[in-house]
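Colleague: Residue strings, one per chain:
There are 2 protein chains.
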Amino acid sequence: MATAKLLVVLVALMAAASSSCGPWELNIRMPTARAVEDAAAGVAAPLIHALRPLVGSAGDLGRRGGVPCDSWRLAVEAYNKRDWKTVPADCEGYVGHYMLGGHYRRDSRVVVDEAIAYAEGLKLAGNGREVWVFDIDETSLSNLPYYAKHGFGTEPFNATSFNAYVLEGSALALPETQRLFDKLISLGIKPVFLTGRTENQRAITVVNLRRQGYYGWMKLLLKPVGFKGTAIGFKSGERRKLQDAGYVIVGNIGDQWSDILGAPEGARTFKLPDPMYYIG
Amino acid sequence: MATAKLLVVLVALMAAASSSCGPWELNIRMPTARAVEDAAAGVAAPLIHALRPLVGSAGDLGRRGGVPCDSWRLAVEAYNKRDWKTVPADCEGYVGHYMLGGHYRRDSRVVVDEAIAYAEGLKLAGNGREVWVFDIDETSLSNLPYYAKHGFGTEPFNATSFNAYVLEGSALALPETQRLFDKLISLGIKPVFLTGRTENQRAITVVNLRRQGYYGWMKLLLKPVGFKGTAIGFKSGERRKLQDAGYVIVGNIGDQWSDILGAPEGARTFKLPDPMYYIG
Numbered sequence: 001m002a003t004a005k006l007l008v009v010l011v012a013l014m015a016a017a018s019s020s021c022g023p024w025e026l027n028i029r030m031p032t033a034r035a036v037e038d039a040a041a042g043v044a045a046p047l048i049h050a051l052r053p054l055v056g057s058a059g060d061l062g063r064r065g066g067v068p069c070d071s072w073r074l075a076v077e078a079y080n081k082r083d084w085k086t087v088p089a090d091c092e093g094y095v096g097h098y099m100l101g102g103h104y105r106r107d108s109r110v111v112v113d114e115a116i117a118y119a120e121g122l123k124l125a126g127n128g129r130e131v132w133v134f135d136i137d138e139t140s141l142s143n144l145p146y147y148a149k150h151g152f153g154t155e156p157f158n159a160t161s162f163n164a165y166v167l168e169g170s171a172l173a174l175p176e177t178q179r180l181f182d183k184l185i186s187l188g189i190k191p192v193f194l195t196g197r198t199e200n201q202r203a204i205t206v207v208n209l210r211r212q213g214y215y216g217w218m219k220l221l222l223k224p225v226g227f228k229g230t231a232i233g234f235k236s237g238e239r240r241k242l243q244d245a246g247y248v249i250v251g252n253i254g255d256q257w258s259d260i261l262g263a264p265e266g267a268r269t270f271k272l273p274d275p276m277y278y279i280g
Numbered sequence: 001m002a003t004a005k006l007l008v009v010l011v012a013l014m015a016a017a018s019s020s021c022g023p024w025e026l027n028i029r030m031p032t033a034r035a036v037e038d039a040a041a042g043v044a045a046p047l048i049h050a051l052r053p054l055v056g057s058a059g060d061l062g063r064r065g066g067v068p069c070d071s072w073r074l075a076v077e078a079y080n081k082r083d084w085k086t087v088p089a090d091c092e093g094y095v096g097h098y099m100l101g102g103h104y105r106r107d108s109r110v111v112v113d114e115a116i117a118y119a120e121g122l123k124l125a126g127n128g129r130e131v132w133v134f135d136i137d138e139t140s141l142s143n144l145p146y147y148a149k150h151g152f153g154t155e156p157f158n159a160t161s162f163n164a165y166v167l168e169g170s171a172l173a174l175p176e177t178q179r180l181f182d183k184l185i186s187l188g189i190k191p192v193f194l195t196g197r198t199e200n201q202r203a204i205t206v207v208n209l210r211r212q213g214y215y216g217w218m219k220l221l222l223k224p225v226g227f228k229g230t231a232i233g234f235k236s237g238e239r240r241k242l243q244d245a246g247y248v249i250v251g252n253i254g255d256q257w258s259d260i261l262g263a264p265e266g267a268r269t270f271k272l273p274d275p276m277y278y279i280g
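As they're listed, the protein sequences go chains G and B. 1 is the number of the first residue of the first sequence in the UniProt record's numbering; add one for each residue after it. 1 is the number of the first residue of the second sequence in the UniProt record's numbering; add one for each residue after it.
FYI, nobody ran anything at the bench for these hints, they're computed from the structure. Hints may contain errors.
Each pair may be met inside one copy or between any two copies, as identical chains are not told apart.
25 Å max Cα-Cα, derived PhoX-like pairs, lysine-lysine [unchecked claim]:
(1) K219 to K241
(2) K228 to K183
(3) K123 to K183
(4) K149 to K219
(5) K81 to K183
(6) K81 to K219
(7) K190 to K85
(8) K149 to K190
(9) K123 to K223
(10) K123 to K85
From a predicted model like this one, the values you see are computed outputs, not experimental measurements.
Construct all of the structure, not just a fragment, from the sequences and the given hints.
Modeller: Structure, rendered in structure tokens:
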């Protein structure tokens with residue numbers, strides 16, 4: 001058994017060494033010199049995660065200073081961890097490998113598969129009133145190129161540099177979400193974008209969405225400049241308006257719990273993974 | 001780098017071979033003959049998870065028949081996967097290792113650490129009206145000894161054999177939850193058990209809780225025999241009664257989303273991991 005496992009590891013590492021292209025064709029490298037591991041991440045990401053210590057330099061499982069990064073991430077996704085400001089410094093490498101190494105994409109795929117199965121099972125009225133709400137950042141578009149240069153969420157959020165990045169209009173489509181988006185249109189369910197991006201970013205947001213292949217949305221709802229209030233307050237208020245206008249929100253997908261909490265939530269909600277930041 | 005990793009693997013496997021005692025002192029073995037891996041699970045569980053294929057015999061990442069078990073588990077914990085009947089057959093080994101190999105305990109610890117930090121930060125009225133709701137199965141008591149003999153959730157639920165197991169009164173305390181329970185009592189917050197176990201199981205449930213070291217709860221609320229309705233309906237109804245009686249539910253912890261959804265939820269909710277079954 002032991003020999004067989006060593007062989008598995010050896011084969012994985014050899015495959016990694018000969019692998020050339022990074023996953024998701026992002027062409028992003030980890031900030032530190034971990035070339036072999038980066039390449040390996042595309043081939044056998046969980047292996048890399050496992051070999052990498054789950055905690056900081058203490059090497060201790062969350063008792064003295066360290067935090068077990070996979071447990072931290074689960075606590076974030078299950079809404080046990082709230083109101084956090086930054087990713088634990090010890091977890092930069094873990095989150096980076098999670099995001100770039102295939103794990104994030106695999107987790108997202110399972111969520112979207114579930115969403116599509118749900119949508120396909122709906123009995124639609126066919127009156128054109130059924131809509132599905134999509135968040136934008138880290139849901140429809142990925143800002144991973146930005147976060148990869150800024151510590152994968154370990155650095156405090158910098159509005160200036162992030163907004164400059166948004167204005168480039170270079171965020172990437174999340175392929176899983178785009179698959180859901182296109183499927184819904186084919187089913188006759190209308191996508192509505194609902195985002196914490198502000199109204200003055202409308203033009204570049206439209207450009208970015210189109211560049212990345214999104215077509216056919218019904219509405220793009222942005223936050224008024226100077227809006228005071230929480231993300232939940234803004235987004236649930238907009239969903240209420242949709243409902244009051246006669247639309248039926250059959251689904252709602254976002255990467256933040258604040259995207260999918262607050263009545264009316266939508267008939268069914270989906271939480272995409274996001275271990276990089278928290279919006280309350 | 002590659003050599004260093006091979007050494008890590010080798011050392012882990014050697015340590016595993018010489019390890020004697022199972023984790024959590026449960027003395028449960030995986031049903032199939034995986035002695036080396038079982039032992040290793042206590043030493044380096046994530047390593048074992050990684051070396052074990054994440055999917056079924058197809059070895060395929062969720063595209064043709066297989067399901068990536070870690071992504072499936074995340075989808076369960078984040079409430080993306082709902083109304084599922086059994087753990088995917090391919091994931092029996094994965095779930096077994098998750099539950100027995102330290103990962104489950106580590107994930108639970110992070111949730112409870114968060115709950116304790118929250119409780120310690122509360123400004124209490126000190127009038128004895130503040131309560132915290134605890135679910136029982138897979139929250140306060142663990143039925144892992146039962147599920148380990150029944151495929152870790154891959155077998156359809158068998159009420160007859162499970163109820164026979166409950167009547168043994170041999171379920172184990174979840175040490176993390178017990179730590180929260182004791183901490184709350186020391187803070188002056190009163191624990192209330194609220195369970196889907198039925199009223200005719202009250203006596204053995206009390207015996208089991210006491211045997212496992214639980215003392216000082218304020219109420220033990222069980223479901224009436226023959227109750228028609230959902231788990232959410234029953235539990236939210238009981239929480240409403242608590243509130244109407246003048247209690248303030250400062251916290252609520254369970255392993256099922258149906259433990260913590262439905263107004264009044266409690267001021268803050270905590271979702272413990274449970275990849276073995278779903279109660280809607």
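Colleague: Each hint needs a verdict: does it hold in this structure or not?
Modeller: Hint-by-hint comparison with the structure:
1. K219 to K241: Classified as within: same-chain Cα gap 12 Å, cross-chain 43 Å, threshold 25 Å.
2. K228 to K183: Result: close neither inside a copy nor across copies, 35 Å intra and 38 Å inter.
3. K123 to K183: Within one copy, since 15 Å is at most 25 Å while 49 Å is not.
4. K149 to K219: This pair counts as neither: shortest intra-copy Cα distance 32 Å, inter-copy 52 Å.
5. K81 to K183: This pair counts as between: shortest inter-copy Cα distance 19 Å, intra-copy 32 Å.
6. K81 to K219: neither (32 Å within a copy, 28 Å between copies)
7. K190 to K85: Intra 34 Å, inter 31 Å, cutoff 25 Å: neither.
8. K149 to K190: So K149 and K190 fail the 25 Å test inside a copy (35 Å) and across (47 Å) alike.
9. K123 to K223: Neither, since 32 Å and 34 Å both go past 25 Å.
10. K123 to K85: between (41 Å within a copy, 23 Å between copies)
Of the hints listed earlier, those the structure fails to meet are numbers 2, 4, 6, 7, 8 and 9, in rising order.
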